[in-house]
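*Asks:* Protein chains in written order, with the numbering used here: chain D, 1 to 95; chain Y, 1 to 479.
Some clues are possibly wrong.
Keeping only pairs whose Cα atoms sit at most 30 Å apart, straight-line, the calculated BS3-like set for lysine-lysine is [what the hints assert, rightly or not]:
id: 1; chain 1: Y; residue 1: Lys326; chain 2: Y; residue 2: Lys84
id: 2; chain 1: D; residue 1: Lys92; chain 2: D; residue 2: Lys75
id: 3; chain 1: Y; residue 1: Lys378; chain 2: Y; residue 2: Lys256
id: 4; chain 1: D; residue 1: Lys33; chain 2: Y; residue 2: Lys326
id: 5; chain 1: Y; residue 1: Lys386; chain 2: Y; residue 2: Lys89
id: 6; chain 1: D; residue 1: Lys33; chain 2: Y; residue 2: Lys378
id: 7; chain 1: Y; residue 1: Lys84; chain 2: Y; residue 2: Lys401
id: 8; chain 1: Y; residue 1: Lys475; chain 2: Y; residue 2: Lys401
id: 9; chain 1: Y; residue 1: Lys89; chain 2: D; residue 2: Lys92
id: 10; chain 1: Y; residue 1: Lys386; chain 2: Y; residue 2: Lys326
id: 11; chain 1: Y; residue 1: Lys442; chain 2: Y; residue 2: Lys276
id: 12; chain 1: Y; residue 1: Lys386; chain 2: Y; residue 2: Lys256
id: 13; chain 1: D; residue 1: Lys75; chain 2: Y; residue 2: Lys276
id: 14; chain 1: Y; residue 1: Lys276; chain 2: Y; residue 2: Lys248
id: 15; chain 1: Y; residue 1: Lys386; chain 2: Y; residue 2: Lys276
id: 16; chain 1: D; residue 1: Lys75; chain 2: Y; residue 2: Lys326
id: 17; chain 1: D; residue 1: Lys33; chain 2: Y; residue 2: Lys84
id: 18; chain 1: Y; residue 1: Lys256; chain 2: Y; residue 2: Lys276
id: 19; chain 1: Y; residue 1: Lys475; chain 2: Y; residue 2: Lys276
id: 20; chain 1: D; residue 1: Lys75; chain 2: Y; residue 2: Lys84
id: 21; chain 1: D; residue 1: Lys5; chain 2: D; residue 2: Lys40
id: 22; chain 1: D; residue 1: Lys33; chain 2: Y; residue 2: Lys401
id: 23; chain 1: D; residue 1: Lys40; chain 2: Y; residue 2: Lys386
id: 24; chain 1: D; residue 1: Lys40; chain 2: Y; residue 2: Lys256
id: 25; chain 1: Y; residue 1: Lys276; chain 2: Y; residue 2: Lys326
id: 26; chain 1: Y; residue 1: Lys248; chain 2: Y; residue 2: Lys378
id: 27; chain 1: D; residue 1: Lys75; chain 2: D; residue 2: Lys33
id: 28; chain 1: Y; residue 1: Lys248; chain 2: Y; residue 2: Lys442
id: 29; chain 1: Y; residue 1: Lys378; chain 2: Y; residue 2: Lys276
id: 30; chain 1: Y; residue 1: Lys84; chain 2: Y; residue 2: Lys248
id: 31; chain 1: Y; residue 1: Lys378; chain 2: D; residue 2: Lys40
id: 32; chain 1: Y; residue 1: Lys84; chain 2: D; residue 2: Lys92
id: 33; chain 1: Y; residue 1: Lys378; chain 2: D; residue 2: Lys92
Pairwise CB distance ranges (calculated) [as the list claims (entries may be wrong)]:
id: 34; chain 1: Y; residue 1: Pro235; chain 2: D; residue 2: Gly48; range: 33 to 39 Å
id: 35; chain 1: Y; residue 1: Glu257; chain 2: D; residue 2: Glu47; range: 21 to 27 Å
id: 36; chain 1: Y; residue 1: Val131; chain 2: D; residue 2: His10; range: 33 to 39 Å
id: 37; chain 1: Y; residue 1: Asp76; chain 2: D; residue 2: Val66; range: 22 to 28 Å
id: 38; chain 1: Y; residue 1: Thr54; chain 2: D; residue 2: Glu95; range: 40 to 46 Å
id: 39; chain 1: Y; residue 1: Leu414; chain 2: D; residue 2: Val93; range: 43 to 49 Å
id: 40; chain 1: D; residue 1: Glu22; chain 2: Y; residue 2: Leu414; range: 46 to 52 Å
Calculated from the structure, these hints are not laboratory results. Built from N, CA and C at the ideal position, the CB exists for glycine as well.
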Amino acid sequence: MSAQKLDVAHIANLARLDLNEEEIATFQSQLDKILAYVEKLSGLDVEGIEPTAHAIPVFDVMRDDVARPGFGLEKALRNAPRRVGDQFGVPKVIE
Amino acid sequence: MQLTLTEAQNDLRSGALSPRELVLGILDAANRLDGEIGGYLSIQRDAALAAAETADVSLPLGGIPIAIKDAIIVEDEPCAAASKILAGKYIAPYDASVISKLRAAGAIPLGRANMDEFAMGSSTENSGLQVTRNPWDTTRIPGGSSGGSAAVVAADEAIAALGSDTGGSIRQPAALCGCVGLKPSYGRVSRYGLIAFASSLDQIGPITKSSEDAAKILQVIAGPDPQDSTALEAPVPDLSAELEQGVKGLRIGLPKEYFIDGIDPDIRDRVDAAVKELEAQGAEIHEISLPHTEYAIATYYIIATAEASANLARFDGVRYGHRSDKADNLIDQYRRSREEGFGDEVKRRIILGTYVLSSGYYDQYYNRAQKVRTLIRKDFTDAFEKVDAIVCPTTPHPAFKLGEMADDPLQMYLADIFTIAANLAGLCGISTPCGTVNREGKELPVGLQILGKPLDEGTILRLSHSYEQATGFHKARPV
Numbered sequence: 001m002s003a004q005k006l007d008v009a010h011i012a013n014l015a016r017l018d019l020n021e022e023e024i025a026t027f028q029s030q031l032d033k034i035l036a037y038v039e040k041l042s043g044l045d046v047e048g049i050e051p052t053a054h055a056i057p058v059f060d061v062m063r064d065d066v067a068r069p070g071f072g073l074e075k076a077l078r079n080a081p082r083r084v085g086d087q088f089g090v091p092k093v094i095e
Numbered sequence: 001m002q003l004t005l006t007e008a009q010n011d012l013r014s015g016a017l018s019p020r021e022l023v024l025g026i027l028d029a030a031n032r033l034d035g036e037i038g039g040y041l042s043i044q045r046d047a048a049l050a051a052a053e054t055a056d057v058s059l060p061l062g063g064i065p066i067a068i069k070d071a072i073i074v075e076d077e078p079c080a081a082a083s084k085i086l087a088g089k090y091i092a093p094y095d096a097s098v099i100s101k102l103r104a105a106g107a108i109p110l111g112r113a114n115m116d117e118f119a120m121g122s123s124t125e126n127s128g129l130q131v132t133r134n135p136w137d138t139t140r141i142p143g144g145s146s147g148g149s150a151a152v153v154a155a156d157e158a159i160a161a162l163g164s165d166t167g168g169s170i171r172q173p174a175a176l177c178g179c180v181g182l183k184p185s186y187g188r189v190s191r192y193g194l195i196a197f198a199s200s201l202d203q204i205g206p207i208t209k210s211s212e213d214a215a216k217i218l219q220v221i222a223g224p225d226p227q228d229s230t231a232l233e234a235p236v237p238d239l240s241a242e243l244e245q246g247v248k249g250l251r252i253g254l255p256k257e258y259f260i261d262g263i264d265p266d267i268r269d270r271v272d273a274a275v276k277e278l279e280a281q282g283a284e285i286h287e288i289s290l291p292h293t294e295y296a297i298a299t300y301y302i303i304a305t306a307e308a309s310a311n312l313a314r315f316d317g318v319r320y321g322h323r324s325d326k327a328d329n330l331i332d333q334y335r336r337s338r339e340e341g342f343g344d345e346v347k348r349r350i351i352l353g354t355y356v357l358s359s360g361y362y363d364q365y366y367n368r369a370q371k372v373r374t375l376i377r378k379d380f381t382d383a384f385e386k387v388d389a390i391v392c393p394t395t396p397h398p399a400f401k402l403g404e405m406a407d408d409p410l411q412m413y414l415a416d417i418f419t420i421a422a423n424l425a426g427l428c429g430i431s432t433p434c435g436t437v438n439r440e441g442k443e444l445p446v447g448l449q450i451l452g453k454p455l456d457e458g459t460i461l462r463l464s465h466s467y468e469q470a471t472g473f474h475k476a477r478p479v
């Protein structure tokens with residue numbers, strides 16, 4: 001775990017964030033400091049240790065598959081930035 | 001309204017106060033005080049008054065108004081997690097499970113409490129919507145991320161509030177505002193209807209004026225939920241009965257790694273005095289060790305940001321929230337909507353979280369942090385074989401000035417040292433007032449944190465309640 005440089009512009013693209021130049025520069029210096037801090041984990045021997053995903057693991061919780069009322073079309077669509085009929089409108093995806 | 005929940009309940013049941021008068025009293029207090037404090041983002045006055053008309057005061061929380069952190073949805077009320085990406089653009093389609101449970105117990109959701117955007121922060125300065133001030137000194141932060149919830153309770157603009165805690169976001173603002181804040185164990189309370197930040201860490205819990213009040217709210221909101229498979233089936237004991245059990249014979253651990261240089265000496269002094277008080281009441285004090293303490297913050301910020309980056313992917317401008325009008329294809333619509341809608345801390349954490357999960361870095365960062373989390377959890381499992389509860393400060397410093405840490409996110413993260421381990425290990429934790437320190441002529445509250453085993457809220461409530469009864473520090477109010 002050597003100190004890698006995080007490429008903010010590249011990661012921002014993966015995360016679908018259209019950062020401006022000023023943000024990229026500010027975040028770069030702040031995140032470099034934070035990453036340098038978290039490097040301390042590299043000093044620990046974790047060989048053979050199981051990862052913890054949840055502090056209190058629960059598995060395969062099931063409930064009965066019973067139909068019950070949902071909140072309906074109008075409530076589902078009322079926060080839509082753009083509504084087209086009974087659907088969410090988005091820019092054209094397929095040429 | 002200088003009423004605790006228990007006092008309000010007594011007044012409602014004796015007929016000294018009607019539910020409508022109580023709601024009007026809270027609305028009046030908010031009207032008078034909140035211009036300066038800024039704890040509420042909005043209040044649905046008519047809905048609260050309508051609920052008061054039909055309130056059944058014989059129910060467990062009948063007629064009690066409760067302020068709700070802006071991350072928890074209430075049907076037909078706005079919800080924004082204090083983010084511009086949702087503000088003015090989102091009306092919740094259903095009640096969170098905690099809200100359904102509160103309503104079934106007769107409580108009235110009243111007001112949306114300000115917070116750090118998407119609960120990311122320790123000062124509420126990351127709210128995209130407004131500034132919240134500490135009622136004890138309005139030049140200072142109220143803590144965060146549930147800063148609005150703590151501020152309105154401390155200023156007596158609310159009887160009690162709900163917050164959420166991912167790394168200390170209930171306990172830390174409660175400490176800095178002189179309230180009681182209870183983070184239940186992971187799995188104790190359903191998160192259905194809580195806007196997710198880090199799903200393996202988030203819990204909802206109460207911010208109140210006493211441990212007695214916190215027990216009453218937790219009693220109602222705890223328990224399994226068919227809508228959240230992480231809400232455990234484990235039975236919830238009668239917490240109000242647990243409170244009265246006293247502390248005689250309880251074994252308290254003081255982690256040697258927590259009582260170190262870097263803690264404000266006045267805070268150290270108040271916490272030392274609190275430990276002596278618990279000892280005088282018959283608790284046994286033991287030194288314990290949590291050897292992986294120094295790795296907790298790094299572990300937390302890798303896991304929390306990784307989970308946040310995934311959880312916040314849903315804000316894409318398609319189904320709800322802000323949509324940029326400056327994009328002509330779908331990918332640009334995602335990129336621009338998120339850029340325009342999210343604030344700096346949220347963007348910073350999404351980038352860090354995306355990075356630690358990205359191809360080539362996953363094993364170095366995320367997977368390693370999850371393994372260190374196992375070691376941190378084991379520290380606590382080992383400690384709880386020797387003691388029943390762990391006592392330490394909630395925060396290393398009293399509330400700092402607004403703007404003081406704004407440009408240094410790492411310094412802000414480091415102040416979470418005493419609270420984050422409870423989330424990583426799934427423990428329950430409570431912060432209760434243990435006195436004040438004087439800074440620039442103002443009294444600032446100090447929080448005593450008590451951590452307990454998973455699902456052992458009863459024991460930490462016993463300790464905090466017993467301590468409150470002896471000292472009365474929880475009754476202190478800002479002057």
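*Asks:* Each of the hints needs a verdict: does it hold here or not?
*Replies:* Outcome of the hint check:
1. A hinted pair counts as satisfied when its Cα atoms are at most 30 Å apart, and lysine 326 (chain Y) with lysine 84 (chain Y) qualifies at roughly 17 Å.
2. About 25 Å separates the Cα atoms of lysine 92 (chain D) and lysine 75 (chain D), which keeps this hinted pair within 30 Å; it holds.
3. At roughly 16 Å between alpha-carbon atoms, lysine 378 (chain Y) and lysine 256 (chain Y) fall within 30 Å of each other, so this suggested pair holds.
4. Simply put, lysine 33 (chain D) and lysine 326 (chain Y) have alpha-carbon atoms about 33 Å apart, too far for the 30 Å limit, and the pair is violated.
5. For the given pair, lysine 386 (chain Y) sits about 51 Å from lysine 89 (chain Y) by alpha-carbon distance, which is inconsistent with the 30 Å threshold.
6. A distance of roughly 29 Å separates the Cα atoms of lysine 33 (chain D) and lysine 378 (chain Y); the hinted pair therefore holds under the 30 Å criterion.
7. As the CA atoms of lysine 84 (chain Y) and lysine 401 (chain Y) are separated by approximately 24 Å, the hinted pair is consistent with the 30 Å bound.
8. Restraint check: the Cα-Cα separation between lysine 475 (chain Y) and lysine 401 (chain Y) comes to about 24 Å, which is no more than 30 Å; the hinted pair holds.
9. As the CA atoms of lysine 89 (chain Y) and lysine 92 (chain D) are separated by approximately 23 Å, the hinted pair is consistent with the 30 Å bound.
10. With a CA separation close to 61 Å, the supplied pair lysine 386 (chain Y) and lysine 326 (chain Y) exceeds the 30 Å bound.
11. The hinted pair formed by lysine 442 (chain Y) and lysine 276 (chain Y) meets the criterion: a straight-line CA distance of about 26 Å does not exceed 30 Å.
12. Proximity of lysine 386 (chain Y) to lysine 256 (chain Y) is assessed by CA-CA distance (about 14 Å); at most 30 Å being required, the pair is judged to hold.
13. Of the pairs offered as hints, the one joining lysine 75 (chain D) and lysine 276 (chain Y) is violated, with about 56 Å between alpha carbons and a cut-off of 30 Å exceeded.
14. At most 30 Å may separate the alpha-carbon atoms for a hinted pair to count; lysine 276 (chain Y) and lysine 248 (chain Y) meet this at roughly 13 Å.
15. Of the pairs offered as hints, the one joining lysine 386 (chain Y) and lysine 276 (chain Y) holds, with about 19 Å between alpha carbons and a cut-off of 30 Å not exceeded.
16. Taking the CA atoms of lysine 75 (chain D) and lysine 326 (chain Y), the gap is near 27 Å; set against the 30 Å cutoff, the hint holds.
17. Of the supplied pair hints, the one linking lysine 33 (chain D) and lysine 84 (chain Y) holds, its CA atoms being roughly 27 Å apart against a limit of 30 Å.
18. Between lysine 256 (chain Y) and lysine 276 (chain Y), the direct Cα distance comes to roughly 16 Å. Compliance with the 30 Å bound is thereby established for this hinted pair.
19. Restraint check for lysine 475 (chain Y) and lysine 276 (chain Y): satisfied, since their Cα atoms lie roughly 20 Å apart, inside the 30 Å limit.
20. Between the alpha carbons of lysine 75 (chain D) and lysine 84 (chain Y) the distance comes to roughly 21 Å, so the proposed pair stays at or under 30 Å and holds.
21. The straight-line distance between the Cα atoms of lysine 5 (chain D) and lysine 40 (chain D) is roughly 16 Å, inside the 30 Å bound, and the hint therefore holds.
22. Between the alpha carbons of lysine 33 (chain D) and lysine 401 (chain Y) the distance comes to roughly 23 Å, so the proposed pair stays at or under 30 Å and holds.
23. At most 30 Å may separate the alpha-carbon atoms for a hinted pair to count; lysine 40 (chain D) and lysine 386 (chain Y) meet this at roughly 29 Å.
24. As the CA atoms of lysine 40 (chain D) and lysine 256 (chain Y) are separated by approximately 20 Å, the hinted pair is consistent with the 30 Å bound.
25. With a CA separation close to 62 Å, the supplied pair lysine 276 (chain Y) and lysine 326 (chain Y) exceeds the 30 Å bound.
26. Between lysine 248 (chain Y) and lysine 378 (chain Y) the CA atoms are separated by roughly 27 Å; this keeps the pair inside 30 Å, and the hint holds.
27. About 44 Å separates the Cα atoms of lysine 75 (chain D) and lysine 33 (chain D), which puts this hinted pair outside 30 Å; it is violated.
28. A threshold of 30 Å between alpha carbons decides the hint, and for lysine 248 (chain Y) with lysine 442 (chain Y) the separation of about 36 Å lies outside it, so the pair is violated.
29. This hinted pair checks out: lysine 378 (chain Y) and lysine 276 (chain Y) have alpha carbons roughly 28 Å apart, not beyond 30 Å.
30. For the suggested pair lysine 84 (chain Y) and lysine 248 (chain Y), the alpha carbons sit about 50 Å apart, so the restraint of at most 30 Å is broken.
31. Between lysine 378 (chain Y) and lysine 40 (chain D), the direct Cα distance comes to roughly 19 Å. Compliance with the 30 Å bound is thereby established for this hinted pair.
32. Of the pairs offered as hints, the one joining lysine 84 (chain Y) and lysine 92 (chain D) holds, with about 26 Å between alpha carbons and a cut-off of 30 Å not exceeded.
33. In summary, the hint linking lysine 378 (chain Y) to lysine 92 (chain D) is not supported, as the alpha carbons are separated by about 52 Å, beyond the 30 Å threshold.
34. For proline 235 (chain Y) and glycine 48 (chain D), the hinted distance range of 33 to 39 Å is satisfied, since their beta carbons lie about 36 Å from each other.
35. Judged by the Cβ atoms, the range 21 to 27 Å given for glutamate 257 (chain Y) and glutamate 47 (chain D) holds: they are separated by roughly 23 Å.
36. Between valine 131 (chain Y) and histidine 10 (chain D) the beta carbons are some 34 Å apart, a value that agrees with the proposed interval 33 to 39 Å.
37. Between aspartate 76 (chain Y) and valine 66 (chain D) the C-beta distance comes to about 26 Å, which sits within the given range of 22 to 28 Å.
38. Range check, threonine 54 (chain Y) to glutamate 95 (chain D): about 57 Å between beta-carbon atoms, so the 40 to 46 Å window is missed.
39. At roughly 45 Å, the beta carbons of leucine 414 (chain Y) and valine 93 (chain D) sit within the given window of 43 to 49 Å.
40. The given range of 46 to 52 Å is broken by glutamate 22 (chain D) and leucine 414 (chain Y), whose C-beta atoms sit roughly 26 Å from each other.
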